[in-house]
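J.: Residue-level listing of the chains:
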Amino acid sequence: MTTTTASRPETDAHYKVWDVAGYADVPHEAKVRLFEQVKGDLRFGDYLYGCYECGICVAACPSAKFYDFSPRRIAQAAAREDVDLIYQQMQEDIWECSQCFSCLRCPRGNNPGGIVTIMREVAVKNGLASAREALVGYSRIIYKIMSTGTQVSPDMLGRDSFPDWGPETADVADNLDLWRRALPPETMHTTSTGWSVAESTLVELYLIWMETGALDMIAAVDPGLHTILQELMEERLEEEGIEL
Amino acid sequence: MSSNTIAVIGGGPGGLRAAQGIADVGRKVVLVERLSHLGGSPITQKYCGLTPHGDPAQPQIQRLIDAVTANPLTKVRLGTELASVAGEPGAFALTLRDAQTGADDTVECGAIIIATGFSHFDPGRSTQMYGYFEFPDVITQPDLETMLSEHRVLRPSNGQPPERICFIQCVGSRDRQIGNEYCSKVCCGVASKEAIEIRQLLPDSKVLIFYIDMRMYGYWENEIYWPAQEQHHVQYVKGLITEVLPKGDRLLVRGEDTTMGRPMEVLLDLVVLSVGMEPSPGTRELAGLLGVRQNKYGFIEAVGAPLDPVSTDREGIFACGAALGPADLEDTVSSAAGAAMKAVGFLRSLAVATAN
Amino acid sequence: MTIPTEALRRAKAAEEPAADRRSLDDPRAELLELERQGELIVQKIDREAVTVSTKYGREKRIQKSHLWHHKSCGQCGHIPGYSTSIFWVMRKLGYDYHDPRDQTSCTAWNYYASATSNSAAQAAVAVRNFAAAYESGYFPLIHCGTSYGHYKDVREELIRHSELRAQVRAIMAKLGKPLVLPEEIIHYSEWFHALRDEIASKQARDVSGIVVSVHPACHYYKIVPGDAIYDPDIYGGQRTAVVTGLAEALGATVRDYSTWFDCCGFGFRHILVQRDFTRSFATLRKIEVMKDEANPDVVLTHDTGCVTTLDKSQFAAKAHGRNVGLPVLSDAQFAALALGAHPYRVCQLHWHSADYRPLLEKMGVDWEKAWAEFQGDLRRLESGEKRYLDWDDADGVNDSNRPEESPDRHEHDS
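Taken in sequence, the protein lines are chains A, B and C.
Residue numbers are given in the numbering used here: position 10 of the first sequence equals residue -7, and the series is strictly consecutive.
Whatever position you read off the second sequence (first residue = 1), add 446 for the numbering used here.
Whatever position you read off the third sequence (first residue = 1), add 24 for the numbering used here.
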């Protein structure tokens, strides 16, 4: 799709991916709205004070050594309330962060990694193309964690799932059921989950996802998955007679 | 009973200058110093050259000391601490205690000047990973001054002259996590002065200074900063260091070169931490004993700042020098002279009031 | 010639520890204050505990027994020897525990990877787990470094924000649970550190010839640093003491390397869907540097993500001729081996990628025999003689009743 004279979106409901910049430009108001959501998060005031550009965060950051990523620029952009730069950072930068929190060494007490977390949540909630792209191939994992309360279950170590991890992973896949039964801890004789989770616990978990709006966050990035999970959770809660 | 004597607690540059000022205008002064020598940090920490010109510290401080000890109006009490205070402004009764024997005696005074100075920040408490207590070749500015006054800068690990040296600024200062949110004012000037001295001692050495901002007030810009860069080729890199680790027999420091916008790692032989100022134990003790307000950092609060930088919240009690906060020697002797004037003026006003 | 180097060494040794403002930070005291105000319940340590010192001098207590094992999804999912070793060592020392089914993952792996959650959900998940522990009467012990770090963050958010507390309290009420937090958040490696001398006293294998390099988990010591264990006798109190303290107590030699503070490169999302970053980082910044500078026999770490990253990143790197090839174990597995644990029945090393057999050989473990024993176990499971391996099997209780297993059925080739 070429970008030359194509009309700009009038509303902020459609974020199309444009070839040249790699992402769509949107009206200024849309960028302001996104930033206001970031700033309005409960934790924002805990995560951002001032920045005197010492670079300690970048020095400690693993992603800064691999990508053109800078926690300093994240903090600076947020402090300056530069909505254009922040919008740009929400396209690629924020997904490069390793969420290791090495940047907590900031002498001003800033938390650039935390600011990134908030920016990601806003990107997901608003269904930004960058969020959808970053989570390509990730649906199974969201499904697993939200529906079973454990993540990366043994049966996700498929024969060809992690070829770069070495042949031992294929051995696991080939012997999965047997090797799982060969584990002394009683709770771990499972293959579809990391450990066996009580039914009542799952019900509690579903209630949490629904009550806090966490489930609805994925409606914009993965509507199909959202529908599946919503049906699953609503049904289960109904069975238990729980009202939301 | 009212007294015309003024007590100065602390015998460093501030206390000495205050005592000299009081004696110069014809008043009696008692100078109380807990150590067995006068001169304060420049002498105790063996400063080599004073910032900015690098002139030898010891003779200059000695002149300050001589001006006080030679004056018949001054009484110097070495090895002595303040144990308690009673009375009221104009008529204080100080209980002084011999630090060795524990013997007490009382001294009357009309006004008190706190001149108890500062301590250097303990680098083991830094938010960053400097390994001061792990690696012999990570030292502080005062450690380096001691070496410079012996005219030998050597790597503690092997006793060899270092080829590559760096300074890391703002250690223990400007840090919300530690709580020392202020700037310690002198470390940029001192580091640059020391960098020049190293370059003069070791002409083949490479010296880097890693900083956030360069605090070069007034004439420090042209007297230290420009010559450091232009004549002595000290390299200033804007980007603070976060980690020091051993690599082979050298040290690897890690920071961001913010000017170039990329992470950097540099191999060095010697790392000097520009440690900031904190209130000294003496300052903290005196604040408690005299009931004088401290600011949130523990320094004595100058309640009339900025135009009255020496009055505390207690009548008749004044403070000067680094007991009030980060101060260079010029600040210290200026505020000391100011405190001396204020103290003398206070006693005069009491005398005038009594006369009326 | 007066070289002030000695004077400097002496000055450093004489450095007086100054009172630190951060030693006044006391999340435990803040929780107790909130409890006094009726805002939440604090689960107390109510059995014998070991006192340890943290970074700024605050004392922290580690309950020794009667612990609720908050398991790690990643460990249980694909490094099950890690969880198994934690349980096994605790059993070996005779401390009772509870392995709950009413536990969910902290879900922080997903949260840090995808942000498909929010602060309320994360707090509610945490509190739900803590409530389950509280109701059981067992004190929570956290298996994963990220769970531990994330829960410290959640605790801080709950302390600071009354509206978050109100929201979570309301959700918990619907679940019939209180808003409860433990008085301390304890990581299992802290338990191992606190009991390292007791562990060493029961040592069955000599590791004095083993060289270790330690990788500390970012989420253990970089999030709420004041909670991490520091000890003036280990690294001069300049780096966190866990893992290193245990390795040294067992008699191993710990060697330093110049990227000690670097993250492993797990990345949460990267390890799953953008593995070139994780692999490059783990190889270039950690494994190669360790091999080059420390040349250890084993890399020890104390977090799920770190074990995964460092262990799994080496295969592809080796295919590119990089200087890798270091076995990666958790401190729990290493301690278990030192106490005589079976490398397969307990440490489950067959789930690991990087070759661990030279390490076992150096420790005097006949892995071929051990593998044959384990193969025997598997055959019994296959035949239906047993449904599952149990703790007696793990300790080889019934081994003497069986003929010598043939050692030629191992599945790995170098």
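Quick caveat, the hints were computed from the structure, so don't treat them as lab data.
One should not assume that every hint holds.
List of simulated lysine-lysine pairs, DSS-like, C-alpha gap at most 30 angstroms [to be verified]:
(1) A:48 / B:492
(2) A:22 / A:48
(3) C:342 / C:386
(4) C:342 / C:201
(5) C:116 / C:198
(6) A:48 / B:652
(7) B:693 / C:201
(8) C:116 / C:393
(9) C:315 / B:693
(10) C:315 / C:201
(11) B:474 / B:693
(12) C:198 / C:226
(13) B:742 / B:631
(14) B:652 / B:474
(15) B:693 / C:386
(16) A:48 / B:693
(17) A:14 / A:48
(18) C:201 / C:88
(19) B:684 / B:652
(20) C:410 / C:201
(21) C:315 / A:48
(22) C:393 / C:226
(23) C:116 / C:342
(24) C:410 / A:48
J.: All hints are to be evaluated individually against the structure, with a verdict given for each.
T.: Verification of the hints:
Proposed proximity of residue 48 of chain A and residue 492 of chain B is contradicted: the alpha carbons are some 42 angstroms apart, above 30 angstroms. Only pairs whose Cα atoms come within 30 angstroms are accepted, and residue 22 of chain A paired with residue 48 of chain A is accepted, the gap being roughly 28 angstroms. The straight-line distance between the Cα atoms of residue 342 of chain C and residue 386 of chain C is roughly 23 angstroms, inside the 30 angstroms bound, and the hint therefore holds. Pair hint residue 342 of chain C plus residue 201 of chain C does not hold up; C-alpha atoms about 51 angstroms apart against a cutoff of 30 angstroms.
Proximity of residue 116 of chain C to residue 198 of chain C is assessed by CA-CA distance (about 40 angstroms); at most 30 angstroms being required, the pair is judged violated. Taking the CA atoms of residue 48 of chain A and residue 652 of chain B, the gap is near 26 angstroms; set against the 30 angstroms cutoff, the hint holds. For the given pair, residue 693 of chain B sits about 53 angstroms from residue 201 of chain C by alpha-carbon distance, which is inconsistent with the 30 angstroms threshold. Proposed proximity of residue 116 of chain C and residue 393 of chain C is supported: the alpha carbons are some 22 angstroms apart, at most 30 angstroms.
For the suggested pair residue 315 of chain C and residue 693 of chain B, the alpha carbons sit about 13 angstroms apart, so the restraint of at most 30 angstroms is met. Straight-line distance between C-alpha atoms of residue 315 of chain C and residue 201 of chain C comes to about 50 angstroms, which puts the hinted pair past the 30 angstroms bound. Among the hinted pairs, residue 474 of chain B with residue 693 of chain B is inconsistent with the structure: their alpha-carbon atoms are about 60 angstroms apart, more than 30 angstroms. With a C-alpha separation of about 47 angstroms, the suggested pair residue 198 of chain C and residue 226 of chain C falls outside the 30 angstroms cut-off, and the hint is violated.
Distance check on the hinted pair: residue 742 of chain B and residue 631 of chain B sit about 18 angstroms apart at the alpha-carbon level, within 30 angstroms; holds. Of the supplied pair hints, the one linking residue 652 of chain B and residue 474 of chain B is violated, its CA atoms being roughly 52 angstroms apart against a limit of 30 angstroms. Taken as a hint, the residue 693 of chain B and residue 386 of chain C pair is honoured in the structure, with Cα atoms around 27 angstroms apart against an allowance of 30 angstroms. With a CA separation close to 19 angstroms, the supplied pair residue 48 of chain A and residue 693 of chain B stays within the 30 angstroms bound.
Taking the CA atoms of residue 14 of chain A and residue 48 of chain A, the gap is near 29 angstroms; set against the 30 angstroms cutoff, the hint holds. Straight-line distance between C-alpha atoms of residue 201 of chain C and residue 88 of chain C comes to about 26 angstroms, which keeps the hinted pair within the 30 angstroms bound. As the CA atoms of residue 684 of chain B and residue 652 of chain B are separated by approximately 17 angstroms, the hinted pair is consistent with the 30 angstroms bound. Simply put, residue 410 of chain C and residue 201 of chain C have alpha-carbon atoms about 39 angstroms apart, too far for the 30 angstroms limit, and the pair is violated.
Distance check on the hinted pair: residue 315 of chain C and residue 48 of chain A sit about 20 angstroms apart at the alpha-carbon level, within 30 angstroms; holds. A threshold of 30 angstroms between alpha carbons decides the hint, and for residue 393 of chain C with residue 226 of chain C the separation of about 23 angstroms falls inside it, so the pair holds. A threshold of 30 angstroms between alpha carbons decides the hint, and for residue 116 of chain C with residue 342 of chain C the separation of about 37 angstroms lies outside it, so the pair is violated. For the given pair, residue 410 of chain C sits about 51 angstroms from residue 48 of chain A by alpha-carbon distance, which is inconsistent with the 30 angstroms threshold.
Of the hints listed earlier, those the structure fails to meet are numbers 1, 4, 5, 7, 10, 11, 12, 14, 20, 23 and 24, in rising order.
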